[in-house]
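K.L.:
This is what each chain is made of:
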Amino acid sequence: MSDLTQAALAPGGGRTMERARALVRSRSGLIGLILIAMLTVLSLFSAFGWLPYDPIAQDPPSRLQPPSSTHFFGTDQFGRDVFSRVAAGVANSALIAVVAVAVAAIIGTLCGVIAGFYRGVSDGVISGVTNVLFAFPPLLLALSLASVFNRNWFTIAMAIAIVYVPIFIRVTRGPVLSLREIEYVKAATSTGQSRSRVMFRHVLPNITSIIIVQVTLSLSWAVLTEAALSFLGLGTPPPAASLGSMIFDARTLVTIAPWTMIAPGVVVVLLVVGLNLLGDGLRDALDPRNRGKK
Amino acid sequence: MLLTITRHPVLTRILGAAATLLGVAIFVFIMLRAIPGDQITAGLGTEAAALTPDQRAALEAYYGLDQPLLVQFFTWLGNIFTGNLGFSSRAQESVLDLTLQSLPVTLELALFSIVLALLIGIPLGMMSASKPDSPRDAVGQVVGLAGLSVPAFLLATALLAILASSFGFNPNGQAFARLFENPALNLQQMLLPAIVLGFGIAAPIMRTTRTAVLEIRSNDFIRTARAKGIPPRRLQVKHVLGNALVPIVTMTGLQFGYLLGGAVVVEQIFSLPGIGRQVLLGIQQKEYALVQSTVLVIALSFVLVNLFTDLLYRIIDPRVRAA
Numbered sequence: 041m042s043d044l045t046q047a048a049l050a051p052g053g054g055r056t057m058e059r060a061r062a063l064v065r066s067r068s069g070l071i072g073l074i075l076i077a078m079l080t081v082l083s084l085f086s087a088f089g090w091l092p093y094d095p096i097a098q099d100p101p102s103r104l105q106p107p108s109s110t111h112f113f114g115t116d117q118f119g120r121d122v123f124s125r126v127a128a129g130v131a132n133s134a135l136i137a138v139v140a141v142a143v144a145a146i147i148g149t150l151c152g153v154i155a156g157f158y159r160g161v162s163d164g165v166i167s168g169v170t171n172v173l174f175a176f177p178p179l180l181l182a183l184s185l186a187s188v189f190n191r192n193w194f195t196i197a198m199a200i201a202i203v204y205v206p207i208f209i210r211v212t213r214g215p216v217l218s219l220r221e222i223e224y225v226k227a228a229t230s231t232g233q234s235r236s237r238v239m240f241r242h243v244l245p246n247i248t249s250i251i252i253v254q255v256t257l258s259l260s261w262a263v264l265t266e267a268a269l270s271f272l273g274l275g276t277p278p279p280a281a282s283l284g285s286m287i288f289d290a291r292t293l294v295t296i297a298p299w300t301m302i303a304p305g306v307v308v309v310l311l312v313v314g315l316n317l318l319g320d321g322l323r324d325a326l327d328p329r330n331r332g333k334k
Numbered sequence: 149m150l151l152t153i154t155r156h157p158v159l160t161r162i163l164g165a166a167a168t169l170l171g172v173a174i175f176v177f178i179m180l181r182a183i184p185g186d187q188i189t190a191g192l193g194t195e196a197a198a199l200t201p202d203q204r205a206a207l208e209a210y211y212g213l214d215q216p217l218l219v220q221f222f223t224w225l226g227n228i229f230t231g232n233l234g235f236s237s238r239a240q241e242s243v244l245d246l247t248l249q250s251l252p253v254t255l256e257l258a259l260f261s262i263v264l265a266l267l268i269g270i271p272l273g274m275m276s277a278s279k280p281d282s283p284r285d286a287v288g289q290v291v292g293l294a295g296l297s298v299p300a301f302l303l304a305t306a307l308l309a310i311l312a313s314s315f316g317f318n319p320n321g322q323a324f325a326r327l328f329e330n331p332a333l334n335l336q337q338m339l340l341p342a343i344v345l346g347f348g349i350a351a352p353i354m355r356t357t358r359t360a361v362l363e364i365r366s367n368d369f370i371r372t373a374r375a376k377g378i379p380p381r382r383l384q385v386k387h388v389l390g391n392a393l394v395p396i397v398t399m400t401g402l403q404f405g406y407l408l409g410g411a412v413v414v415e416q417i418f419s420l421p422g423i424g425r426q427v428l429l430g431i432q433q434k435e436y437a438l439v440q441s442t443v444l445v446i447a448l449s450f451v452l453v454n455l456f457t458d459l460l461y462r463i464i465d466p467r468v469r470a471a
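Chains as they are written, first to last, in this note's numbering: chain A, 41 to 334; chain B, 149 to 471.
Just so you know, not all the hints are guaranteed correct.
Unchecked claim - Reference excerpt, derived from the structure (chain B facing chain A, CB under 8 angstroms, subset only):
| hint | residue |
| --- | --- |
| 1 | V172 |
| 2 | L296 |
| 3 | V298 |
| 4 | F301 |
| 5 | G405 |
| 6 | G409 |
| 7 | Q416 |
| 8 | V443 |
| 9 | V445 |
Treat the hints as calculated values from the structure; they're not laboratory data.
Heads up, the beta-carbon is just placed ideally off N, CA and C, and yes, glycines get one too.
So that you can see chain B by itself, here it is in the shape it has in the complex (with noise of 0.2 angstroms):
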């Protein structure tokens, strides 16, 4: 009985998901570990060299660098399940906090590329499909690889020069609006980096859907399906479609990853104050305990995507439920 439940697939891939998590946590440490200096010399800069050995000591203690590093890890650990992601020195305001104010941000930019990627990419991988080696096709491909090549940061920076300098709009220019305190405002703001990193990745959903949807239709049951007279609108969307969600959903869910790396870049050239943009002022300004808790939330938002993407693919697809 336990056996056939530890055995269950959902419950396998969640396992799975936690051990990633756990070498995520590892890598993370180790890699604030291999950064020279400690916090000690990173809140206090080069004045760290006229502390005394008995000043060092103490301060060591109070950070807790004295311990192994084992303790030292797993203090840290329990930390961050008890909501306690350390503090920005900066901002006075703890990683918590901070976290909480940028991550809406990032997810409301993420949602709304997502949405602007899915409405370019699949009708423009379906009329690729359509006539393959066509003019048409030519024109989907030539978008495609262009969303493939064109990098974010050179597509946003032109693009605000041109709006801002030839049409005076640069909603971007003013302080950032909430999505509560001034929809109208938020939406403007949002427009352009959505539509930039919706570009990005418009590109791989095109490509995922045209090859998806060009071989569905060389399938028996279209031709089966054609023959008895179905209207080709609806064989386009309930049978073609239908069975070209599986790849779609699994690339939407992969380009997960480029939007939240991408965001780094179009949150800072945009200025929103997104989780992208948090982790890039704690380089500048060498807050590691920022970058090493946003970095960790980062990680896990994305682990956490992933993980939910192949569960919702057991929804679309009854063959890997059964499975």
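Isolated chain A, as found in the complex (with noise of 0.2 angstroms):
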């Protein structure tokens, strides 16, 4: 984290043309970058409703069909296309992890802002509740949250959220902690503007690459609780398609039409090492030590 502290420390802005050829330049970045944007054009394709056929009709004549020009992944037990409801359950899973990550960021950034930079007892209260959501591992967290509410795909964003929101809360206090002692942000102070001002014109945006880098991982993240959760049949209600209940009604096919799990199962994986490589990539384009190399 120390790097990423380092950079947040650097004054900087402008230089997103710069950082954007050295994400494309790195080899990591560029794969994850044209991973997320395979899957992107898939979930939107699923969001325009552009899908081969209905991710939810059953057709029962045409079941467990292997992959074929018709149904490019075959079919599942209930004879429902399984390429549209991988394309479905991407858009699924994109839409949770998004939604969940974009409430922690924002919270959890505002909450580590004001407590590192007013210190006193909103860090107090702050930190404590930090340190009380940490005790949870977070799939338990998550899973415990999604039992307690009425389940539907906002829900479980939320239950979600509420893990993720401690990790924002560590990844910005830090470095805020540091910029409230350096020179330029108590000139800010010194000529009279009011602590919000300072807080979101100077010290705000010079933690936007910690942010950017931490929502890209924490977004590989949601996808995997999300999946694990419908996994456990505690995610996305049946019948709509979500890549974890497609790879548990598989398990008991996997022997008879592999493809019922192969494609969900490879979807999933890419969409991970997608942002994750996407993620290590951000880390090294933004990180100052980093620039000027190829």
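Bring the two chains, given one by one in their own frames, into a single complex with the hints.
P.N.:
See the structure below:
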């Protein structure tokens, strides 16, 4: 994390193009970017309804068909088209993960910045809550929260968001603590600007690279968490397609119809690999120590 | 005198852990109260609607639900301190007894997984670091990335299906054998789940080892040691790995949380009667007392492991001890 703190402490901005080029130049960043772009297109197809079949429409006569030109990834035990279900599952995962991480990033960053910048009582309360939430294994916390709520995609996203709020608090609080002691922040305070203005104008912009990297990595965890929840039957309720529940359904079919597991399995791995590589690439691209290197 | 004792870092750390645990208890208590319904509707289901107001009031008094929330909380906390974790009506056993049976299973699984993860992760990390940006490094990095990206439930389901159908190897299809009753079968049943969980945590351990070794190798004292003519193997183990242990231990401690969460999934797939499965069963059967107490026990073990890791690097790293 110290590299990122360094990145945060360097006064920056206006180097977006240079950083984008650094991202594309790093092999892992480029592969991650391509994977995520492909899967985004796939989920957009599902969102606009441009799929070959309805992902929940059953067609018993054509059940358990192997992959062919009519069904790219074959069909499942109800004759549903696996390709369409995988695409809908990616869209579902992406929706939940993006909403969950967005909520966690906004609340977590706000709390982290307030705790680090104002210190005192607010820091005590926020850090205390963070420690409590960190005391639960992440998947277990998501599982318990999901069981409390009435389940739909939004409550699942909220359950995952609560798990990731403390991560954003911890990741932002530290750098803000060092930032508030830096001359240009002190100078801004001494010119009589209000504390909230200093916070939003001078502190927040300088921790954006940390937040961007954390968002990418959290997205990959959120996808994994959502998949695990739906595998355990605590995620998106059926018959809606979800990658985790597709793999769960496929476990008894895998010997006679391996494509029912391979398709959603490969796609969930590609999604997570893509996000992890993109996160690694972004971290390298945003690290000032790598600036100017090939 | 008293002031110096209360400022002692070990004591501060222990007090902090205690405060966190109190917060955990409050959080679990509130979460349970957020669920629609109460112990009465959970116990009786839809029949709860047929209760007369008098019967309902009697039951509320019996469960202590007529007391103020604060009283309910402290009664519950007091019960936990005396070992009364509640009663599971389905299993007809106290939650304490259930936990005493399931916790050792999960701890055995966790221990196996960590040993496997260290055996895979540390050599792989050192191999990667020995020649950065070489094919050797690439192999290590790809294995690490796979460990981070392949979901435990996918690996577990695939392994189980392939081994059972192609090789007829399915020790987990038999009734669970306890370690001291049938060690041979028990170890076979632990093997696949430990591989799945171990592979998952080997990845962060591998990455941490690689980074730490690369950083330590660039230090002056390594160059000095090499100049003194210390054999390369001894240099690697004693000087490089010895100094890399602090971040590796920290990372391993952090992964314990992943293990406890991952145990829910893996125990379910491999039918291991561990603590993760106990939570899941409680959730599925809407036995909230079981869920509440089990989640609390898991959080307690997680906090204790973190505390233990913290105290452990006081032993490994003399600099921390002095600070």
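K.L.:
Would you mind marking each hint as holding or not holding in the structure?
P.N.:
Comparing the hints with the structure gives:
no. : hint : result
1   : V172 : holds, 5 angstroms
2   : L296 : holds, 6 angstroms
3   : V298 : holds, 6 angstroms
4   : F301 : holds, 5 angstroms
5   : G405 : holds, 4 angstroms
6   : G409 : holds, 3 angstroms
7   : Q416 : holds, 7 angstroms
8   : V443 : holds, 6 angstroms
9   : V445 : violated, 11 angstroms
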